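A.B. asks: Letter by letter, the chains look like this.
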Amino acid sequence: MATVAEEWLNICGGCEVAILDLGEKLLDVLPSLEFVHMPVLMDHKYFGQTGEKSELEIPEADVGMISGGIRNEKEKHVAEEMRKKCKTLIALGSCACFGGIPALANMYTLDDIYEKVYRDSKTTESADTPSKDIPPLTDRVYAVDEVVNVDVHIPGCPMNPVIILEALTCLLEGKPFELPERSVCDDCPTKREEKSDVGLKRPLQDAEFTPGEYNTMRCFNEQGILCLGPVTRSGCGKQYNGNGEVVPRCVKGYMPCRGCFGPIREGANPLIDMMTALSSIGLDAKLVEDRRALLNRYIGGQNRLRPLPAKAGR
Amino acid sequence: MSEEFEPKIIAFCCNWCSYAGADLAGVSRLQYPPNIRIIRVMCSGMVHPNLVIEALTKGIDGVIMCGCHPGDCHYIEGNLKAESRAEAIELMLEDFGLEEERFRLEWISASEGPQFAQVMKEMVDTIKELGPSPY
Ligand code: SF4
Ligand code: SF4
Ligand code: SF4
Ligand code: FES
Numbered sequence: 001m002a003t004v005a006e007e008w009l010n011i012c013g014g015c016e017v018a019i020l021d022l023g024e025k026l027l028d029v030l031p032s033l034e035f036v037h038m039p040v041l042m043d044h045k046y047f048g049q050t051g052e053k054s055e056l057e058i059p060e061a062d063v064g065m066i067s068g069g070i071r072n073e074k075e076k077h078v079a080e081e082m083r084k085k086c087k088t089l090i091a092l093g094s095c096a097c098f099g100g101i102p103a104l105a106n107m108y109t110l111d112d113i114y115e116k117v118y119r120d121s122k123t124t125e126s127a128d129t130p131s132k133d134i135p136p137l138t139d140r141v142y143a144v145d146e147v148v149n150v151d152v153h154i155p156g157c158p159m160n161p162v163i164i165l166e167a168l169t170c171l172l173e174g175k176p177f178e179l180p181e182r183s184v185c186d187d188c189p190t191k192r193e194e195k196s197d198v199g200l201k202r203p204l205q206d207a208e209f210t211p212g213e214y215n216t217m218r219c220f221n222e223q224g225i226l227c228l229g230p231v232t233r234s235g236c237g238k239q240y241n242g243n244g245e246v247v248p249r250c251v252k253g254y255m256p257c258r259g260c261f262g263p264i265r266e267g268a269n270p271l272i273d274m275m276t277a278l279s280s281i282g283l284d285a286k287l288v289e290d291r292r293a294l295l296n297r298y299i300g301g302q303n304r305l306r307p308l309p310a311k312a313g314r
Numbered sequence: 315m316s317e318e319f320e321p322k323i324i325a326f327c328c329n330w331c332s333y334a335g336a337d338l339a340g341v342s343r344l345q346y347p348p349n350i351r352i353i354r355v356m357c358s359g360m361v362h363p364n365l366v367i368e369a370l371t372k373g374i375d376g377v378i379m380c381g382c383h384p385g386d387c388h389y390i391e392g393n394l395k396a397e398s399r400a401e402a403i404e405l406m407l408e409d410f411g412l413e414e415e416r417f418r419l420e421w422i423s424a425s426e427g428p429q430f431a432q433v434m435k436e437m438v439d440t441i442k443e444l445g446p447s448p449y
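Residue numbers (the numbering used here), protein chains in the order written: chain A, 1 to 314; chain B, 315 to 449.
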C-alpha cells in the first residue's frame, strides 16, 4: 500500500479530470493506493479540520502529485510543504512542468499586468490592486521544479491518463520513470515530403484530409498549417499496454500539435528549433502571428518567456 | 565606469574559405581587434541558430557567421542553408529583444585576408557603439 497526496496550485482543474479519466483502470490500482490528501476530492484542511493549528500541514505520503504552476506565495508554501512530506514528487501536467498557459503572463512585468487588469482595460472600472486578505502574487509564474525538486515530470495539457498509470505503476514497483526523448512527429502517421510549396495559412483555415485516413493526410506544416510536432515530446497518443495505432491526440482530431507536451529534451528551446524547422521546409516564419507566445504557449516558465530586455545603447 | 566597453564577439568561420581567410589575415600581419573569438566549423551550414541565440543570451555581445561565397561552398550548398537560417535568426533576435546589428552573415574567401580584418573591425565598432548585450 502506497500513500498518495495530491495538490492543485495554479490550475484549471483539467489535470484532475485526467486522473479520473483513468476510468476503470483507476479501480485496478486503487487497492494499492491510499489517498491521504487531495483537496479536489476530499475535505482535508491545511490548518487542522477546525483551523486549530497555526502551521500549514500536509500528511506524509510516499507519492506526491502537484498539478499547476506557482503564481502566488500560498502556492509556493504548499509546494514546499508537499516536497517536505512526500518521498517522490510528481509534477502533473504542463502547468506544473513548464508553467502552462498561465505562464504566457511572463511576457509582462507584474506591474504591467496590474495596470492592465485593474486600471487600463477599457471595460474595467479603475481600482486599486487588491492586497488585503489574499496571498501576494509571485513576480512571475514558476514551474514547480523552479521552486522545489521534482522527481518525475508528466507533461500534457492535460496529461494522457495512460502515462499517469505507467508512472504510478513504475513507482509502486520501485522503478524509475521517464518519457523517451522522441518528438510528436516520430509518432505521427501523416504523409511527409519534407517540403512545403503552399506558404503559411491562417491558423483557423482547415486542413485537407479524408476522415479516418491518417496515412494519406499530408503533414500539417507541409499544408501550411503551423504544427509544433517537430519540437514537442511524444506520448499524448499512447494507448494502454501499447495497444492500437498511436496517433498524436490533436492529429487524431485533424488539428495540428500546439506543443502541450513541451520540449523534447531538457534544455531544448522549441521556439528556436521550430523557426529553424520552418525555414528548412521553406515556410516563411515571419508570417507566424504572435510568434513568441504561440511557440511558447505551454512553456513560458523556466525563463522561456520574460519581459523583453530594454535595448542597450539606444 | 571609466573603462571602455570591450565586447566579446564570436566569429563562426567555415574551414574551407573563411578560416583560411582569417589565417591569411594572420600571416599577412593584418591588425584586427582582439574582441573576436573565432570558432572554426566545417561549414557555415552547420551553425545551428541555437548556437547563435544561446551565445547572445549567455554573455556574448555579437555573433558573426562567415562562409564561402555562394557557389564556392565545399559542401555545395551549405552556405545557402546558412543564408535561410540567417533570416530565421534575424526574426529570433526580435523575439529575444536583441538588436539586429548583433548578428551578421558574411562571405569571405580564402584569399580575402584584408576583407576579413576589415569586417571584424567594423563588427567590433558597431557593437562598441551598441553597448553590451542586454542579457
Ligand atoms: S496543464 Fe492544462 S489541464 Fe492541467 S491544470 Fe494546466 S491548463 Fe489545466
Ligand atoms: S509536423 Fe505535425 S503533422 Fe507533420 S509529422 Fe509532425 S506532428 Fe505530424
Ligand atoms: S498533439 Fe501536441 S498539443 Fe496535441 S495533445 Fe499531443 S502534444 Fe499536446
Ligand atoms: S564550406 Fe564554406 S560555407 Fe560551406
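Read the hints as simulated data drawn from the structure, not as lab findings.
Do not rely on the hints blindly, as some may be mistaken.
[To be verified] Partner residues are not named here, just some residues of chain A that face chain B (Cβ under 8 Å, in silico):
hint, residue
1, R119
2, T123
3, K286
4, L308
On a predicted model such as this, the values are computed, not experimentally measured, just so you know.
Even glycine gets a Cβ: it sits at the ideal position worked out from N, Cα and C.
A.B. asks: It remains to establish, for every hint, whether it holds in the given structure.
C.D. replies: Hints versus structure:
For the restraint placing R119(A) at the interface with chain B, the shortest Cβ-Cβ distance is roughly 25 Å, beyond the 8 Å limit, so the hint is violated. Using the Cβ-Cβ criterion of 8 Å, the hint placing T123(A) at the interface with chain B is not satisfied: the shortest such distance is roughly 30 Å. Taken as an interface hint, K286(A) checks out: its beta carbon lies about 6 Å from the nearest beta carbon of chain B, inside 8 Å. For L308(A), the suggested interface contact is upheld, since its CB lies about 3 Å from the closest CB of chain B, less than 8 Å.
Hint violations for this structure: numbers 1, 2, all remaining hints satisfied.
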